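Protein sequences appear in the order of chains A and B.
Numbering-wise (the working numbering), the first sequence opens with residue 1 and increments by one.
Numbering-wise (the working numbering), the second sequence opens with residue 1 and increments by one.
Worth flagging that the hints you see were computed from the coordinates, not collected in a lab.
Just so you know, these numbers come straight off a predicted model, no measurement behind them.
Check before you lean on any hint, since a few could be wrong.
What the hints assert, rightly or not - Result set (SDA-like, lysine to any residue): computed pairs, CA atoms no more than 25 Å apart in a straight line:
| no. | chain 1 | residue 1 | chain 2 | residue 2 |
| --- | --- | --- | --- | --- |
| 1 | B | Lys-52 | B | Pro-62 |
| 2 | A | Lys-165 | B | Gly-11 |
| 3 | A | Lys-11 | A | Ser-247 |
| 4 | B | Lys-6 | A | Glu-130 |
| 5 | B | Lys-6 | A | Glu-131 |
| 6 | A | Lys-196 | B | Asn-186 |
| 7 | A | Lys-137 | B | Arg-12 |
What the hints assert, rightly or not - Computed far set for chain B versus chain A, every beta-carbon distance over 10 Å:
| no. | residue |
| --- | --- |
| 8 | Tyr-58 |
| 9 | Pro-150 |
| 10 | Asn-227 |
| 11 | Gly-267 |
| 12 | Gly-269 |
| 13 | Glu-337 |
Said to hold, decoys possible - Just a few of them, taken from the derived set where beta-carbon distance is under 10 Å, the chain B residues facing chain A:
| no. | residue |
| --- | --- |
| 14 | Gly-168 |
| 15 | Glu-215 |
| 16 | Glu-219 |
| 17 | Phe-284 |
| 18 | Lys-289 |
Just so it is clear, CB atoms sit at the ideal spot from N, CA and C, and this is done for glycine as well.
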Amino acid sequence: MNRIDQLFQNKGKDILSIYFPAGYPNLNDTVPNLQLLQDKGVDLVEIGIPFSDPLADGPVIQIAAKQSLDQGMSLKLLFQQLKEVRSTITIPLILMGYWNVVFKYGVDTFLLDCQSCGIDGVILPDLPLEEYEEEFKAKFEAHGVYNILLVTPQTTNQRLAKIEKATKGFLYMVSSSATTGGALEQSSEREDYFKKVASLDIPSLIGFGIHDKASFRHASGFSNGAIIGTAFIKALAGGTASEFIDSLL
Amino acid sequence: MMSKNKYAVNGRGYYGRFGGAYIPELLRANVDELRENYLKIINSEQFQKDYKRLLDNYVGRPTPLTKVENLSKRYGTNIYLKREDLTHTGAHKINNTIGQILIAKYMGKTRIIAETGAGQHGVATATVCALFGLECIVYMGALDIERQAPNVARMKMLGAKVVPAISGNQTLKDATNEAIRDWIANPNSFYLIGSVVGPHPYPDMVTRLQSIISEEIREQLTKETGNPNPDYVIACVGGGSNAAGAFYHYLDEEDVKLVAVEASGLGVGSGETAATITIGDVGFIHGSKTMLMQDEDGQITEPYSISAGLDYPGVGPLHAHLAETGRAQFLSVTDREALDAAMVLARSEGIIPALESAHALAALEQMTFDKDDVVVVNLSGRGDKDMETYMKNI
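Starting from the given sequences, assemble the full structure and let the hints guide the process.
Here's what the structure looks like:
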């Protein structure tokens, strides 16, 4: 069974997922970061594949990605770093990145490497659903790699139904119309959206704007848990990653 | 508008294998709203009436098609310049901004976002926003803001807010990223893209709005020579909007040779270039599958050209398709060759071209013509904005 499904089966609520870019803050920190997060009780980790032009991300993630790229990070190096990761890391792992990098690497090679490193799923925000289903879905499924899809408050009901059917593992529920690193607005409109998505037949995690215990608790109240990226990157940069995770749980 | 077959965009926004809408879900609703409305609006009688009236009386269309006798003699053929340099604001960019601002108005949008490199599209956007009384936010790389001070001043005088893009290398690519992020955060705004790039429907929409250029060339050539078709149409390509407009009505006229000229900067092998088709490969940038300049890890590389309007690391998907099918021939011209061509035009015809357009002119040096050939060069803009560069380099 895919580790993501296992997680949602064993622990239905308060799931904490953490995002950080590969090779950050230092080039060889990828696996040590994973170890720290697992030891601290984080349930799921999204490893960012750094990209020069991350459209869906705010300035903190872009600057972190640039630092990592400047240090020599690449998708190829990431797979080298993750080669033995499953000897120590047992929590589900997801790669999150932009389509150009994956396409340039070669989709077949990418999926093979995901499978051999024990990557459970991927989030590729700018790969359109239609293109995915027509050209790539069969390949992803053959390698057991889950393609996790995003929904936003602007996603129409018709599209939501399509995405619900197509996503694997869980739905990434974007909290608001903003790039990563903004604040989490709390409004009845927002809550209605959370409830609508949460009522679907697939688990969901809320991301974008979750930055501390209060916003994590708030988001978890409407879904199976939440995703924190920007706030964790700031903690990594400030050398307080361990304390930051403690403060959430 | 006439319908195109082989080179037309399909229902999902593809030209051959290029194009599409590779955008995060965060942008989907915004792009879908535009896609569902743009053709309906453009094809409406009201739009056509308003657009035509503004093009005639505000932009100053039709622009002349000038037969340049001295240049014709120099190359032993018949050379005509399509004079986009004579439009209001000094470049073809205004054809597109006038059209998109009307579309924005019909869609009920009151806040306009734009990106700009050299500032030409920013000025053209600020101009139409002033005309229509709409809020205007222009993203511009912090480095470009420094380099293009006169255009920044023009935008400010026109009432636009110029926001520096401080991410990445602080040039056009980063300004585009910032504009897209603004659009994600403000889905009720209208994102007014300046070239035939971005997710579907932008490449098609901007191409249609620029197609007035080839529409006029056909009429003007018919009067001049009795034949709407020239032997060659030559235009420079950065993102490719002036070329798309100059080529559009000739795409299916296979006897008309289309020549697209890229900026090779210091030379295609120098590492300091913007010749995307020549050195790039297939990838995804700003929502479009197209040719682009990238490193072996798929990171988008920084282009270089002396001309700020041509240093974009991608190219419109239509052009990627025209290159792949061989419908258009792609040439490249260095900084030096463009500067020399600008000097030739200034001295022989009394016209100072924009540095971008000078690239199209420089291609004449690389080609051979028959004496009966009819050659149209799209003079996409005037050189006022480039005087500092010209003075430094000539």
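Going through the hints against the structure:
Our distance criterion of 25 Å between C-alpha atoms is met by Lys-52 of chain B and Pro-62 of chain B, whose separation comes to about 10 Å. With a C-alpha separation of about 24 Å, the suggested pairing of Lys-165 of chain A with Gly-11 of chain B holds against the 25 Å cut-off. For the suggested pair Lys-11 of chain A and Ser-247 of chain A, the alpha carbons sit about 20 Å apart, so the restraint of at most 25 Å is met. Pair hint Lys-6 of chain B plus Glu-130 of chain A holds up; C-alpha atoms about 23 Å apart against a cutoff of 25 Å.
A hinted pair counts as satisfied when its Cα atoms are at most 25 Å apart, and Lys-6 of chain B with Glu-131 of chain A qualifies at roughly 22 Å. The straight-line distance between the Cα atoms of Lys-196 of chain A and Asn-186 of chain B is roughly 22 Å, inside the 25 Å bound, and the hint therefore holds. For the hint pairing Lys-137 of chain A with Arg-12 of chain B, the CA-to-CA distance comes to about 19 Å; that is within 25 Å, so the pair holds. The beta carbon of Tyr-58 of chain B sits about 34 Å from the closest Cβ of chain A, which is more than 10 Å, so the claim that it is off the interface holds.
Separation of Pro-150 of chain B from chain A is adequate, the least Cβ-Cβ distance of about 28 Å exceeding the 10 Å criterion. Every beta carbon of chain A lies more than 10 Å from that of Asn-227 of chain B, the smallest distance being close to 43 Å; the non-interface claim holds. With a least beta-carbon separation of about 23 Å from chain A, Gly-267 of chain B lies farther than 10 Å from that chain, consistent with its non-interface assignment. At roughly 21 Å, the least C-beta separation between Gly-269 of chain B and chain A is larger than 10 Å, which holds for a residue marked as non-interface.
Residue-level check passed: Glu-337 of chain B sits 30 Å from the nearest beta carbon of chain A, beyond 10 Å. For Gly-168 of chain B, the shortest C-beta to C-beta distance to chain A is roughly 7 Å, which falls under 10 Å, so the interface hint holds. Violation of the interface hint for Glu-215 of chain B is found here, the shortest Cβ-Cβ separation to chain A being roughly 33 Å, above the 10 Å cut-off. Using the Cβ-Cβ criterion of 10 Å, the hint placing Glu-219 of chain B at the interface with chain A is not satisfied: the shortest such distance is roughly 40 Å.
The interface hint given for Phe-284 of chain B is met, as the beta carbon of that residue sits about 4 Å from the closest beta carbon of chain A, less than 10 Å. For the restraint placing Lys-289 of chain B at the interface with chain A, the shortest Cβ-Cβ distance is roughly 9 Å, inside the 10 Å limit, so the hint holds.
In summary, the structure is inconsistent with hints 15, 16 from the numbered list given earlier, while agreeing with the others.
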